[in-house]
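Just need the whole structure built from these sequences, with the hints factored in.
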Amino acid sequence: MKTATGIIRALNSGVKHLAVKRFTLRYPEEKLEFVGDGYQFDPSTGVGIAGLKGRHMLFHDHCTGCQLCSIACEGVAEAIGMVKVPEEQKQNKKSIMPQIDYGKCVFCGLCVDACPFYALYMTNDYELSSFSKEGLIYTPAQLAVKPYVRQDSSIQITERGATHG
Amino acid sequence: MVGELAGNYSAVVLMFGFAAAAMAPALFVSRMVSPRKRSNPVKFLPMECGQVPSGEGRTHFMMQYYPYILMFVVFDVMAIFLYAWGSSLFELPKSATLPMIGFLGIMFGAMAFALYQSGRRRIW
Amino acid sequence: MITTATTDTPTATTAAAPPAPAAAAAASAAPELPPGLALQKVDERIMTLNVGPQHPGSGHMRIIVQIDGDHIVACDPDPGYVHRGEEKMAEYRNYITNIPHLERPVIHDSCNILYPYVLGVEELLGIETPERAKYVRVIAAELNRCIYTMYWLAIYGIFLGHSTMFMWPAGDRELLIDLMEKMTGARVTHAHFVPGGVRNDLPPNFEDVCLRQVNYFEKRIKEYADIFYDNPILISRTRETGVLSRQDAIRLGTTGSVLRASGVDYDVRKKEPYDVYDELDVNTNVMTAGDSYARSRVPWLDMMESCNIIRSALEKIPKSGSVRVKLKPNPKGGNDTVYKRVESGRGALGCYIVSDGKPEPYRVKMSVGSFRNLIALPYLLKGEKLGNMPAVYWSLNYWPVEADR
Amino acid sequence: MSVIAPDFRLSGFIRSILDNAFWALLLANLVGIPAIMMVLFYIEMPVINGELLTPFLAFTWLADPSRILPIVHAFMATDLFRVMAFPGFGFAALIAAGTIFVERKLLAKLQLRVGPFYCGKIEGILQLMGDGLKLISKEIIIPAKADKPIFWVAPVIFVATAAAFVALIPVAPGWVVADVDLGLIAVFAVIGFFPIITILSAWSANSKFPFIGGIRALFQMVSFEIPLILSLLGVVILTGTLNLSEIAASQSVFPWIIFLPVGAVVFFTTMLAELERIPFDLPEAESEIVAGWLTEFSGMMYGLVQLGTYLKLYAFAALFVVLFLGGWHGPMVVPPFPEEILTEGIVMGPVTAKIPGLPLFTQEMLNGTLWFVLKTVGVIFFILLPRGVFPRIRIDMLLNLGWSKLIGLAFVNIFIALGLLYAGVLGPGGMLPQ
Amino acid sequence: MVNELVDFTLVSIALLGIGIYGLAVKRNFIRMLFAIEIIINAANLNLVAFGRFIPESGGQTLALFSIAIAAAEVAVGLSLIIVAYRMYQNVDVADFRSLRG
Amino acid sequence: MADPVFVVLAVVTVGSAIAALELRSLVYGSIALMGTLGGIAGFFLLLDATFVALFQLAVYVGSIAVLILFTVMLVKRELIFKKIEDKRRKFAGVALMLVTMVALGAIFIDSGIKDITTDEPPVDFREIGSDFVTYYWPALILMGLILAGSVTGALVLARREDIEENGQRTS
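Here the protein sequences line up with chains A, B, C, D, E and F, keeping their order. Residue numbering for the first sequence follows our numbering, beginning at 1 and increasing consecutively. Residue numbering for the second sequence follows our numbering, beginning at 1 and increasing consecutively. Residue numbering for the third sequence follows our numbering, beginning at 1 and increasing consecutively. Residue numbering for the fourth sequence follows our numbering, beginning at 1 and increasing consecutively. Residue numbering for the fifth sequence follows our numbering, beginning at 1 and increasing consecutively. Residue numbering for the sixth sequence follows our numbering, beginning at 1 and increasing consecutively.
Since the hints were made in silico from the structure, they are not lab data.
Facing chain D, according to a computed beta carbon distance under 10 Å, are these residues of chain C, among others: (1) Q54; (2) G57; (3) I227; (4) G387.
Mimicking EDC-like on lysine to aspartate or glutamate, the simulated pairs with C-alpha atoms at most 16 Å apart in a straight line are: (5) K16(A) to D226(C); (6) K2(A) to D230(C); (7) K114(F) to D7(E); (8) K37(B) to E139(D); (9) K2(A) to D226(C); (10) K31(A) to D178(C); (11) K114(F) to E4(E); (12) K326(C) to D42(A).
If you want the footprint, here are the derived chain D segments under chain C, 3+ residues with CB under 8 Å: (13) 102-112; (14) 277-283; (15) 287-301.
Using N, Cα and C, we set each Cβ at its ideal position, and we do this for glycine too.
Take a look at the structure:
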């Protein structure tokens, strides 16, 4: 008897869920909403600001070419290399800036923690893909571009279940 | 006229033959269309979860449930015998049920013993 | 007749495992472990099956199973397919850059596996963590425990052939992953805990969102009872299978939900509270049956307990304050050793750090719950049916990568 | 450049297709046409519209639709049409394909996900076609030590046996491929072939996991055949016939499920086991024995086995409808045809012709088919539902269930039927009409 | 084109001959079982054939009994094979000389 | 004279009977035996004994053949492909077969059954069912006893008696 009621309860639960809203995020059509503009770090207080750890953004007018980000990355992923840039910045005597290989980067954000000059932040851009490994290496010029990320979907909790909307 | 009832069953055989004849080309077309690379002998090894196959694929493998097959052979006969009786029940007197009850009683006894034996899985 | 070499018994590895803390008293009185666990010479009746590494019913490991018909005669778990040497790698990196590495073995429990390391480094470096950071850590750790357990539950469902129980936890887990993403900026590998606090403060309005989603999450996991935990087929399949008695559980050194399912009330959060667990009301769920059903049910109850802990932590958290102590670059510890233990999703997770005064640790050793639970597998599977193998195996709350590290 | 298949060249692909087309054309010309001619030479052709149909006449008629229609009409009256299209293979394959799609969407809905979505724009309606194309273009890998003849033939015979099962199912009054007087026994005879095919294909693969799966499948199918046979005896006792059409016709007033619910439950359970559906899908238990007896099947062979499985599913669901749910009976919902359509036919565009099928497709037949399909879909829904709700059972529990509990319940059902008959409630001269 | 009784009888005789040949020549227990099955089927064919041509239901009834008993015989025979195989690791009747009990 | 269906069936039946005994592989032999049994079922159909034909299919092909096949698969692989016989014995067997067939065939053909034909309708299968429980009921009970005895005996025979209760093999 207990078996029968258990089976009926299970079937009932299954049928009931046919009316519950679907939870799936239909990714290319819907994109998730994030907190803030990406993970940033304030060297004066030593505390970060919450945000998605996405693709980096480099402020050329702040970067001094101190290589601290590269050193921080050495033990983690060895994704950051310093390259010569053609432009002249007065704070950057050596004219070197980080170049990030997203084929290796693990998006831990320790390079952002290491930068004392407000030069390297992370953004909400997470759609990094390329047909070749070389395409994943972002030069300083590419890193300087602020990405546009469409964010139009977040988790809604309603009477008929949670859904992405 | 001998053999008049057999005609009804020809449709079943026809259906069997048609399905076989219609499905065999699917395999043939697949064979023609699909790539065939015979260069890699590892590909043709039997599935052994990534290990090199060891031992025989078809071994002396008697699961503990062999008695159920023995029982099936006997009780299958019994079950279909019941149909011969059940389908002619309208034309039979009620007393004709008695022999069947006796037959079933004997078979129930055998089934109880068989189930007891097959339940003792350690001896199989 | 084919003969194969008899492989080593897993008994040898048993001795090497660190004994469970509660086991010391019971060890002398414990009965002898069942004999005959070695793989046998291949009899004609006995078939050797390699379950794994490429098998839907094994993790990233191999279980060599010898079956006689439908009964398992002997079984030898063979982990090591995903060994990546995290402990050795940790000796060449400084205390901060170790963080993204040490969380890799269990990426969906990354806060918890990082927790003992961070606590240990704090003690080595002599850092006092701010109060708010401790609460944030507890919230993150409990969320992560739920995330891990949902993943585990999903795989337990599919191991038992219940595809809905694979999809539902995988979907509902998304609620918590969303929270973790808001909190840390990464969906799985958070790298959030650092010596001296956490990397960043909670985002604005996080408490409300967290409370709402955790409440909904708890409502959802209670719905699993009808379809999974009270399902008569599941009960008949997992009851009385793979029974681990209280004494064997202690003696084999199992931990976490496996230990609690066998009737031992041991939880690091309660016995040796770290951070702010002593200020929160932590209850443990103990079942006495010790079978697969109890082992599968305890983590589910633990998830509800985690929801309670998160709610009370959200109430008690200081509304403002720093969350991170500013460290010098390349901090150095003294000549010291430290051992810290936390309760992870799989049980007690210890981290042993030896420092020799350099910026890099001299040795980092993790004592993980997965490996200690795996040791019980051959004892539990002997004499079981082949069909019970996935049910018993995955109920051990085992994560292959963590066992290998 | 494609990364997955670096050697792929479009020109090579096109050339292979052209090659195949060339060979097919050549073979058709060299073998096919002479064969057709020989067959036509020996077979008596039908007389249509007062003319003897010769191949020459048939070819000339091809140009004129109004004259080709009688041929179509004559064809539709033959056995071959029934086998190929309506109650036979085509109809069953259509429902089977629909079942696969509905199963995926239903399961997805139950599991709060989307399911097939992109293929075919509307909710992934063309997913099945895509899967079929994928399967047919995949390489068929045969294990090195396999027993090749059996391994090749097994999937084809599997489909064919399932089709033979379909042939026995009556869909509407008079619409059945093989109207045999012993339909039910014929069903049992056909079901008996499935374990043999399974165990043979499992044995021939020469691999451990298929072998274990095949033996499990054998035990399972064989053990559940007896409760299956016994659970249907109640219906036979009450109807006194073994002809499936007559059994369906006997339920014009009430379906047998009202009087024999126990038998229906037992039959439904055994049906799930015979179909290897989820609570009983031990032969394919993927977490224990990779995919059971299907492990070594690849490409189109696997596709054929799936097709056979779903044909079997349709056949079992239809059998349940015929035996317990009243078959084609139901309120008349199809409007009666206008008189002139029956006599004159429909004007079809510029070419005026009678639709030849209409005298065959009567109002009763359409109505019966409609109800039959509706009921079958309902039963299929209940067959699919457990897949989302129940975990897999274990083999010893399964055998125990089949032999101890279900056989007992089946005998309870038989005695209920006997009691109803002897108490004079049902049967000839019974209280209730039949 | 009507099938006559003698046709069925001839097929039956052919099967009987093959069965006797198999029983006499084969030393493999399983093959001998095959031969026995063939002989039983030949007998059944005769039963049904005569039952059809001398219209009476007795022929078919007896054939049904015969099939049922054949099933029983096969069950016992195959379990004998299992026992013998377990004891001698072979299915050759020449090895079964000392089979007792 | 026989019709083509009969000829085809006869060829299949007799051919697969020979194949069942002569094929090297026991598994293929079992499949050939299934062919024989199915052919016999076809003959039953031609003789209007539909119930017996389907009974034959369901019982012989559906269960006895399965049992045989399963038992064959339990036997070791090299035995499945081994034939144990000697030449002289084979010749003697062929001679015996020919003598039987010729003698019996001569007797049968000579005995006048060639003249037996019938135009009567076939026996309805319900009559068989009635026969079971009326005229032949002692036989039915006896058959029940035989079936029960056989399943009991088979189970008692086939179990492993060398197993002690503690699950260890002694021999």
